[in-house]
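Colleague: What follows is the residue order along each chain.
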Amino acid sequence: GAVVSQHPSRVICKSGTSVKIECRSLDFQATTMFWYRQFPKQSLMLMATSNEGSKATYEQGVEKDKFLINHASLTLSTLTVTSAHPEDSSFYICSASDTPYEQYFGPGTRLTVT
Amino acid sequence: QKEVEQDPGPLSVPEGAIVSLNCTYSNSAFQYFMWYRQYSRKGPELLMYTYSSGNKEDGRFTAQVDKSSKYISLFIRDSQPSDSATYLCAMRNTNAGKSTFGDGTTLTVKP
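In order, the protein sequence lines correspond to chains Y and X. Reminder that position 2 of the first sequence reads as 1194 in the working numbering, one-by-one numbering, no gaps. Reminder that position 92 of the second sequence reads as 531 in the working numbering, one-by-one numbering, no gaps.
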């Protein structure tokens, strides 16, 4: 099956710094990539949808200036958490899709802001 | 009210049992229905997808969609301890790029 990777898998940063998370589709071209946030024992909360070469579409309540998304190519999307604070600590998961019904998830990145 | 409702459980069954997981939804525009399995601290893994109504079988897993009742199910036969995970249902509109997820049901299969 299709493989999506994320890097890093875990990151600890200090409050006020920025963190970049990469999401790559390894064996297919992803026309659309999604970024999710997941709190413990809760479901996936969609943050934004990005299509290659265009601006990301953010869900209501998600600050676009705080969570910068770049989808520079058909295999790479990045999420940058700017000026991170402890409340941004969470599990961030990306997914990539090349069809309307199949969505392949990355392994997730656990962000801890101290 | 959420668009997709899923009982969070937890659900605990003995090894070998048949497991039934369910979701209900309110948006009649949903056309694609998916089930994902998520192990602790990992990303979700696509298990099954179904288009429109009907059944789909893959090994020990069977997915059912009843659009008239807005109800979907995932059955696991001969459950194994390795099936212990959180199961998420998800649905998509044909014209939308995003899926709407249920909250997930946590399943434990005891040896």
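These are calculated hints, taken from the structure and not from any lab test. Don't be surprised by glycine CBs; every beta carbon is placed ideally from N, CA and C. Some hints here could point you the wrong way.
Distance condition first, Cα-Cα at most 20 Å in a straight line; then the derived SDA-like pairs of lysine to any residue [claimed, not checked]:
#	chain 1	residue 1	chain 2	residue 2
1	X	481	Y	1244
2	Y	1233	X	497
3	X	537	Y	1304
So the derived list for chain Y, only partly shown, Cβ under 7 Å to chain X, looks like this [to be verified]:
#	residue
4	1204
5	1241
6	1259
7	1260
8	1300
9	1305
Colleague: The structure should be examined with respect to each hint, and the outcome stated for every one.
Modeller: Do the hints match the structure? See the list:
1. X:481 / Y:1244: 25 Å, violated
2. Y:1233 / X:497: Violated, because 27 Å separates the two Cα atoms, which is more than 20 Å.
3. X:537 / Y:1304: Measuring from Cα to Cα gives roughly 27 Å; hence the hint is violated.
4. 1204: 15 Å, violated
5. 1241: 5 Å, holds
6. 1259: Status violated, d = 16 Å.
7. 1260: 19 Å, violated
8. 1300: For residue 1300 (chain Y), the interface hint holds, since the closest Cβ of chain X sits about 5 Å away, which is under 7 Å.
9. 1305: 18 Å, violated
Of the hints listed earlier, those the structure fails to meet are numbers 1, 2, 3, 4, 6, 7 and 9, in rising order.
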